[in-house]
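> The lines below spell out each chain.
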Amino acid sequence: MIENFLSSWHLFHNSYLAGWLIGLILALIGVLVVARNQIFIGVAVSQASALGIALTMWLGAELPTGLLLGFTAESLSPVMAVIFSMIAALLTVPGGETGKETPEAITGWVYLFAASAAILIVSHSPLGLEEIYRLLSSSIIGAGANDVWIFMVFLLFTAIFIGISHRRLLLFTLDPAMAAAVGMKIKLWGLLISAVLGLAVGLAIRTSGMLYTFGCLVLPALVAKSLCRQVRAMFVVSPLVSLGAGVFGFILANHYDFPPAQMTVALLCLCLCLAWVWRRICRELKKVF
Amino acid sequence: MANLMNDSFLLKTAGLHLGYGRLPVLQEVNLEIRPGEFWFFLGPNGAGKTTLLKALLEEIRPQQGRILTAPELYRRENLGFVPQRCDLNPTLSTTVREFVLLGLVGIRANSRDREARLDWALDRVGLAGMAGKDYWSLSGGQRQRALVARALVRRPRILFLDEPTKGLDLAAEDALMQSLTDLNRRESLTVLFITHDLTLAARYASHVALFHNGKVEGGPIAEAMNPERLLTTYGVPIAVSQETAGKVTISMGKGTDNS
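So the sequence lines, in the order shown, correspond to chains R and B. If you read the first sequence in numbering that gives the first Met the number 0, its first letter stands for residue 0, the second for the next number, and so on. If you read the second sequence in numbering that gives the first Met the number 0, its first letter stands for residue 0, the second for the next number, and so on.
Extracted from the complex, chain R is given alone in its bound form:
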């Protein structure tokens, strides 16, 4: 099985590396999403990113190249994906002010609007519709060396950012009132986290699709939440779970000729079930002893 996988390395190593790097980045950011109990933000932001890509494809088909400032739809779509996902993430920043809509309601609106609008925009273009379905169904095959470098740099920055400011991030995530009292600019931190989330999802979705992006964002962090006694430890366990599932998932997918993104997400779901069972057993044992 491993030999098969290694023999496919020279053909697909960029896809494998990009997939694992995306998994690591999203697993780190996912800890904040899960700790804030805002899991569906991930799916709404992913869907908004798909809307950005759909819009670029429509513009590319309908407008002359001059109106796109010389860029092709192909080269613009990653930028639009990032812009739309960042806008969606910023829209869902919790405000907490009386009279304003709840973040859950805004998240629901973003998801439904983006999901319907993305299909409507490309519904008369067979290629566009195909691309949107590809994004929704997820495929990591096709990543290039540039993607690997981009994700490597992004991972480095994300890890350094979290390493330096994990205590501030945790306090902001767990108790914004206290964070404000100790001098943290909580609106700024909210915007910063949303911007990083939007950027990560926007970059990831173009390469790996919605299922893989959303799966890697929430599932490893949920597994870590079930296994860890401290929130801080989730920042270590979550990426490890993501990497483990990614490596094992890609090997299995290669051996049995399954799509690797779906295989990895299915494995992560299985890991989460096992983590829930493990947590339950630990709780029962604690009661007995």
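It is worth saying that the hints were derived from the structure and are not from the lab. Mixed in with the good hints there might be a few duds.
20 Å max Cα-Cα, derived SDA-like pairs, lysine to any residue [stated by the list, open to error]: (1) 53/B / 26/B; (2) 132/B / 186/R; (3) 132/B / 281/R; (4) 186/R / 19/B.
All values derive from a computational prediction rather than experimental measurement.
Starting from the structure of chain R, add chain B where the hints point.
Below, chain B without anything else, positioned relative to chain R:
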């Protein structure tokens, strides 16, 4: 906040006006808070207690007037805050240790210093030896004391508490108040406590500030807490009995007993 160089006040408000947008909440607030005082902010809902607290914590800006602060409060590590409640995601596992150490945000401390601060804070609130415990296994009263410990781990000069006894049973409330009284007396910690509970104020306060109709009247408890002011503040007659050492007792009903 402006600097305060020439007297011993920790915090002083001068002609302070606070509000949200065009909505005024408090007018002409003049309070002086000195080291070691135990202040209670009292008043009905919506009277502006939390608004003043937010202004003192620099979360909202004065519309008019000034907040003067002692130089030692320029460093926010000398300031502790205990919110009414902590909206921690209940499905998230955390230990008392991790929870309390979150209070060190913005403070440089090496691991030895962190441990010393943690032990000291937990000891002061009666949670010594519980650092490794799951936060969610604590009782409601213990969690509230963990919140206080999270503020204390900063070793503050002044501690702000926003209705920390809300929802606690009598035993838990008493344990929390004993911890705060000990800190106030032994460590000369200045305490600023928001509550609706007049009996708590009568029992533990050295000073009170009464909030009503956009105004704040404050001072030593024996002066500030009198039946007329309480009637104006709460709209019901409350009897006040002066006791020794500047303490008072209160009961519902008319009259004042200066024994």
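> All the hints need checking, so say for each whether the structure fits it.
Do the hints match the structure? See the list:
1. 53/B / 26/B: With Cα atoms ~15 Å apart, residue 53/B and residue 26/B stay inside 20 Å; holds.
2. 132/B / 186/R: Distance of about 32 Å is beyond 20 Å: violated.
3. 132/B / 281/R: holds, 15 Å
4. 186/R / 19/B: holds, 17 Å
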